[in-house]
Amino acid sequence: MGRGPALNTDRGAEAPTRLLLVEDDARIRQALRMALADEGCEVVEAPDGESALAALAGTPVDVVLLDLMLPGVGGLEVCRTLRARGNLPIIIVSARADHRDVIAGLEAGADDYVTKPLVAAVLAARIRALLRRRAPGTTGVATVVRAGDLEIRPDEQVVLRGGRPVHLTRTEFGVLLELASAGGRVVTREALLRRVWGYDYVADTRLLDVHVRRLRRKVEDDPDDPRCVLTVRGSGYKIGQTG
Amino acid sequence: MRIVGPSLRWRVAMAFGLVSLVLTGALATVTWNLASGYMLRQREDSAVLQATVDVRLVEASLRAGSGGLRDLLAGLTTDSGSTVLLEREDGWLTSGRQVDPAALPRPLMELAEAGVPARQRVVVDGVLVIAVTLPVATDGSTYVELFPLPELDRTFRFLSAVLIAGVATSAVLAVTLGSWLGRRALRPLTELTAAASRVAGGDLGTRLPDTADPDLAPLTSSFNRTAGALEARVRRDIRFAGDVSHELRSPLTTMANAAAVLERRRDELGGTSRQALDLLTGEVDRFQRMVVDLLEISREDPDAADPVDLLDLGELVAAALAVRPGPAPAVERAAAPVLVRGDRRRLDRVVVNLLDNADRYGGGPVRVGVTRHAGRARVEVDDAGPGVPEHLREQVFERFTRGTRAGRRGDDGGTGLGLALVAQHVDRHGGTVHVCDRPGGGARFVVELPEAAP
Numbered sequence: 001m002g003r004g005p006a007l008n009t010d011r012g013a014e015a016p017t018r019l020l021l022v023e024d025d026a027r028i029r030q031a032l033r034m035a036l037a038d039e040g041c042e043v044v045e046a047p048d049g050e051s052a053l054a055a056l057a058g059t060p061v062d063v064v065l066l067d068l069m070l071p072g073v074g075g076l077e078v079c080r081t082l083r084a085r086g087n088l089p090i091i092i093v094s095a096r097a098d099h100r101d102v103i104a105g106l107e108a109g110a111d112d113y114v115t116k117p118l119v120a121a122v123l124a125a126r127i128r129a130l131l132r133r134r135a136p137g138t139t140g141v142a143t144v145v146r147a148g149d150l151e152i153r154p155d156e157q158v159v160l161r162g163g164r165p166v167h168l169t170r171t172e173f174g175v176l177l178e179l180a181s182a183g184g185r186v187v188t189r190e191a192l193l194r195r196v197w198g199y200d201y202v203a204d205t206r207l208l209d210v211h212v213r214r215l216r217r218k219v220e221d222d223p224d225d226p227r228c229v230l231t232v233r234g235s236g237y238k239i240g241q242t243g
Numbered sequence: 244m245r246i247v248g249p250s251l252r253w254r255v256a257m258a259f260g261l262v263s264l265v266l267t268g269a270l271a272t273v274t275w276n277l278a279s280g281y282m283l284r285q286r287e288d289s290a291v292l293q294a295t296v297d298v299r300l301v302e303a304s305l306r307a308g309s310g311g312l313r314d315l316l317a318g319l320t321t322d323s324g325s326t327v328l329l330e331r332e333d334g335w336l337t338s339g340r341q342v343d344p345a346a347l348p349r350p351l352m353e354l355a356e357a358g359v360p361a362r363q364r365v366v367v368d369g370v371l372v373i374a375v376t377l378p379v380a381t382d383g384s385t386y387v388e389l390f391p392l393p394e395l396d397r398t399f400r401f402l403s404a405v406l407i408a409g410v411a412t413s414a415v416l417a418v419t420l421g422s423w424l425g426r427r428a429l430r431p432l433t434e435l436t437a438a439a440s441r442v443a444g445g446d447l448g449t450r451l452p453d454t455a456d457p458d459l460a461p462l463t464s465s466f467n468r469t470a471g472a473l474e475a476r477v478r479r480d481i482r483f484a485g486d487v488s489h490e491l492r493s494p495l496t497t498m499a500n501a502a503a504v505l506e507r508r509r510d511e512l513g514g515t516s517r518q519a520l521d522l523l524t525g526e527v528d529r530f531q532r533m534v535v536d537l538l539e540i541s542r543e544d545p546d547a548a549d550p551v552d553l554l555d556l557g558e559l560v561a562a563a564l565a566v567r568p569g570p571a572p573a574v575e576r577a578a579a580p581v582l583v584r585g586d587r588r589r590l591d592r593v594v595v596n597l598l599d600n601a602d603r604y605g606g607g608p609v610r611v612g613v614t615r616h617a618g619r620a621r622v623e624v625d626d627a628g629p630g631v632p633e634h635l636r637e638q639v640f641e642r643f644t645r646g647t648r649a650g651r652r653g654d655d656g657g658t659g660l661g662l663a664l665v666a667q668h669v670d671r672h673g674g675t676v677h678v679c680d681r682p683g684g685g686a687r688f689v690v691e692l693p694e695a696a697p
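Protein sequences appear in the order of chains A and B.
When we follow this note's numbering, the leftmost residue of the first sequence carries the number 1, and every step to the right adds one.
When we follow this note's numbering, the leftmost residue of the second sequence carries the number 244, and every step to the right adds one.
It is worth saying that the hints were derived from the structure and are not from the lab.
There's no promise every hint is true.
[Stated by the list, open to error] Selected chain B positions facing chain A (in silico; Cβ < 8 Å):
#, residue
1, Gly445
2, Thr497
3, Arg507
Here the structure is a predicted model, which means the values were calculated and not measured.
Quick reminder that beta carbons are idealized off the backbone N, C-alpha and C, glycines included.
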């Protein structure tokens, strides 16, 4: 019986990746739990938002898989609450594929957005990519990187702006680090998606655009007139040299 | 039976013209008769008066002796341009413009010889004259005086020219007016036709503007009601397809993952079970793609929030080809980047679906061209397969048609929506897609999009 490659986790290399699956459809929960177990993941189930938040209080998990259409507290609300609490990786798993739903989900703080129907193998690949970029000390960049008034310390996953720490999610951190490492050269959207999210090829770059928007809100004086994270029209992004 | 006559507008214009022609014609005829009759009578009366005076002078001259007669006659005709003929025993004595008495009408001369005063309009030597005959009281001989009418003739010519021109002008004006009125009256119909063809062309939101005109209001409201009902119906159908696909997503997720769990344990299964599992996973996979395609095709109006980027079509094609398994086709790219403005995800779908289509029905793509053509960005996907027969070239872009393989859906694994999605996405970007023969055999799918300025 083949097993998926062991997933890196924050809880220690030995333990299997633990996922919190927030999904109101019992059959989907059951099928995904079995299939994700085949991929080497341990699944904690929650049928609605309240029980999800309650479960998180007692059980440490590595990644939250979040449905948007939930009874009671909606998925977006749960996502915002979790993001307000910290950096816990969130992947939205939704039947809604409309542009505004995707944007709303990412704006609420999700790291990734996948649409049903999907298979566990795809989900596991996304989880692996997400955890890879979230594992501290695995960026391979040891030195401190500077971009304008930002000081990026990859080892500690810390960004200082004018000496004061800026609170970034690790996806935002990943994007910023990729751009800063390029030292003012243009990084294409495809390259960013590949390096940060680990996608081979994604035609849909909304994911990136929303994260850049969120990043700008945290590191720019005026997010509508960015000086640090610059858009290169029709190509990608780069770091402004002067800051 | 259908008789194709002149258009309604032209019939109206012609009727206007005809009525105007008859009316102004009658008016002109009456005017002509009255005016010319009156002027002629005036002129004749004055001619008779003049002749009567002249004949008195002649009589006086004859009575006094014939010595000054010739001079008198010459004097009478000097200024007026008239002609005087006096019959003497030794023949006609003529003064003024020379006229042969034989050229005068016979009945008039008979009356004159009988001693009856008479007058008549005649043309002598090409000149219109009034001939007045009077008996000479002294000896009973005949006096004839001819008064030419050059002014009157000119006046008549002018009058007739003016009247004819007036009639013609008014007829032309009436035709123009009729045509204009016809067009004006038919404008609502023209607008209705245009609106109806927009609806037929797929613009279901088309409505006629409200009008206060009581003659047009029923037509407008009836059209708008019909179009509204049609739009609602079409939208309901589309939404239904979308809702169905949406509802299918959850059970499909369960099925796909359950199938994946089984697939991992296929070694534990017997031969028959394994075959059944393969069928199941294959079909679940196709089912998934079909639902995703259905959802995509039944998305309603272009989402205002849909992203619009400046895209290099060449890069898009290269990226799509880079992740495809199998031998890569030759790529022909224009030297400068071919840019379009649009939704990257949708345009990527267009390229991928065309490549998939070539895989499924044309034995794989053999060439992909990214060029510009008359201000349009152009993507061509060629295959070396059997091509698409002429009569199916529109149909292949409709939903659930599989060209020559329709009905044989056994092994192609397609969803039947690929090319329909291509057509829909391209249309949404203001472009066109068609299929033609590839030079050298096979099919060539051509997508043309508005080119964007860099």
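Consistency of the hints with the structure:
| no. | hint | in the structure |
| --- | --- | --- |
| 1 | Gly445 | violated (22 Å) |
| 2 | Thr497 | holds (4 Å) |
| 3 | Arg507 | holds (5 Å) |
When each numbered hint is compared with the structure, a violation occurs for hint 1 only.
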